[in-house]
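Asks: Listed below are the residues making up each chain.
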Amino acid sequence: MGILFEDGNFGLFRDGFLRTVELSAASAVLALLLGVLLAAFRVSPVPVLRTFATVWIEIFRNTPLTLLFFAVTFGLPRVDVHLSAFVCAVLALGCYTASFVCEVLRSGINTVPLGQAEAARSLGMTFGQTLVQVVLPQAGRAVLGPMSSVFIALPRNSAIAGAFNVAELYSVQQTLSERGYAIFAVFFWIALAYLCVSATVALGFRRLEHRPAVAR
Amino acid sequence: MPVRMPVRRTAAAALAVLALTATAACGKSGSPTAGAPSTGYTVRTDVKLDGSATFAAAKARGKLVIGAKADQPGLGFEDITANTRNGFDIEIARMVAADLGFPESQIEWRTIDSANRETALAGGQIDYYVGTYSINDKRKTQVSFAGPYYLAGQDLLVRKDNTDITGPESTKGRRVCTVTGSTSVDAIRTYGAEVTTFGSYSQCVDKLITKDVDAVTTDDAILKGYAAQNPGELRVVGKPFTTEKYGVGLNKDDKVLRAAVDDALKAHEDSGDWKAAYDRTLGTAGSAAPQPPALERY
Amino acid sequence: MTARASVLYDVPGPRARARYRAFGVLGALGIAALLWYAVAQLAEHGQFSAQMWAPFEYTAVQQRILDGVRDTLTAFGLAAVLSLVLGVLLAAGRLSDHRPVRWAASGVVEFFRAMPLLIMIFALYQAVFSARPLWALVLGLGLYNGAVQAEIIRGGVNAVPRGQSEAGYALGLRKSQLMATVLVPQAVRAMLPAMIGQLVVTLKDTSLGFVITYTELLYVGKLIAGNTSTPQGYPYIPVVLVIAPIYIALCLALTALARWIESRGRRGTNRRTPAPA
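Residue numbers (the numbering used here), protein chains in the order written: chain A, 1 to 216; chain B, 1 to 298; chain C, 1 to 277.
One chain only, chain A, in its complex shape (with noise of 0.2 Å):
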């Protein structure tokens, strides 16, 4: 076990533990406000936006992670798009994770009891008042469950960036293995480190789930 602090192995290791957390938070800002933004599409009442919103959850929430990756890394340079391999993984799991917090948002919408945006709407409250305003911010509180395992899935899912030229945990594990030390160890720090960044997220979502509900 102790091969974590050979060889500079340590400064490895810490480098990709950082970029894995740094992906992680970057694709979950960018999934969360294309997941909003979808997910109003979703509601909206231009059927346009409906059918476009989605059109794309079911393409996205149905090709696998790794063929995304595969698209952005290698379709978007033949295209004279240049990213760097951080931004390309950012674009594919932001783009993937936010078909899965627009539906989390729509059926926490649905869950919204029907005088609230009735109340709203007699208030003169518009599509978007009422959605922003009103409705958005009580679903927050029911899909707070729902959206913590979106959300615990993002940095594991963020190990398929390691693959594409992205120097987080997963590609740690593949060049220590490569180096020749036993697959058992590499394995338990590796794991040690997702299990932290998975808790810390799990504990995040339960503080905010403990705050004192607002009364309805």
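Honestly, the hints are just simulated from the structure, not real lab data. Ideal Cβ positions, reconstructed from N, Cα and C, are used throughout, including at glycine. Among the hints, a few may not be true.
[What the hints assert, rightly or not] Examples of chain A residues toward chain B, derived with CB under 7 Å:
1) Phe74
2) Pro77
3) His82
4) Ala163
5) Asn165
6) Gln174
Since chain A is already given, all that's left is putting chains B and C on it; use the hints.
Replies: Quick look at chains B and C alone, frame taken from chain A:
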């Protein structure tokens, strides 16, 4: 949602049908490139290798199982449009097979990637392996090697218009691509290059063509194949800075077979088959055939 | 659709209708422009040239793709069965009355839920199954998805009304009988959409087999792209455009199958329990 369900189901069905027709529709056979075919080697008929377990097993099953690479043009390449294999390593494997008494029709090819060569040989999944397999002492503890049949060295592949990169020293601060976990990574890093890694060399070459990296580094033999594949665009720098001896990987315990493979290599090197195979494969990139290296029997 | 959407906005009047139509036209134009730009860019960079698409004309390549689909479905089928069996076992473990069993099951579930599948598969492949990538893939997929299925089933069992288990105990059922005959069937019925959703994830994740040279669909796609050289480079975009629809179709077919089973299940219950009180 129930209203939209049929629509989605229809869409799914339509997509499935489309996908099936796209793949199952009438198609061509054969290969678009149809590179120079193997001339074929004289198959020996009276081969007897007493004491070789691998050979006895191959004879019993009537097939020789050879491990190779599938994604290295000029060396070990699978032409997926025609289901055939070609390249220098493949030719070497065919020569050896002919001398062991197996014609092309009795060869079964298995694609084995670098990480699994030792396991495949030790476990008897393949009878021998020919695929840019460098002989070194660490590997000799698990498998044995006939040969070497080719000397390679780590080199650089660049775009044709690039004149700045003249050798490993000039890669300092440049973006150099190689394959995840290969020994080339550490070697080029010592020169201060900014290393990019992907899962396969063709991905690195793609990045080189789209100018996302400045060079690709690995054994020159592999690079020559890619240069030949993209003749107008890429060239090999031609200053190898390591030495790799390619050998035929064999089961560690089968000394009889190792001697037989060494004999076969020697015979074909002397007869000129070796040079002809080189000219037909790696040589199409424009480099003249080198002298075959001296065998290291042990 | 309309019932839910109309909660958020009134039935549009003439002016609102005009506004929506304007938004609709603008949106459609924007999307069309984006699509057109993307297609034009692809065409300009030679992605629609005949050479780029040539490999797909050959029967050998078509056969490869079909074999890839077959291998993907094989891995999926085995992993799906394994994950469901494991899910039921782990869920039973987490709901056990014995504390050690509960702890062990929780530990297993939490561990495999947090581990990246890619890393699991890679480690299994390197350590145990280097000769048999299929088993590394199936085991990795089964362990991870089993842990997730266990959580779904447990959530479903907990959601069954208390009265059900009380009634069961009152009839003298043992805990295992109660589970097998009362709670789990109801939980599975309630959780079917979530379980199917996870099966779709399982199907998509078979594509991770490409890192361990299992010849599934994505691996085949990678081979086609990497082994076809054209003057415009390797045909990664055509391959993505062919492979992605196949995956999407497979996943949608699975979802449709799930909906069908679900609707049949509902009909079944309705026959037995005529009307809710």
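Asks: Just pull the numbers of the violated hints for me, sorted ascending.
Replies: none
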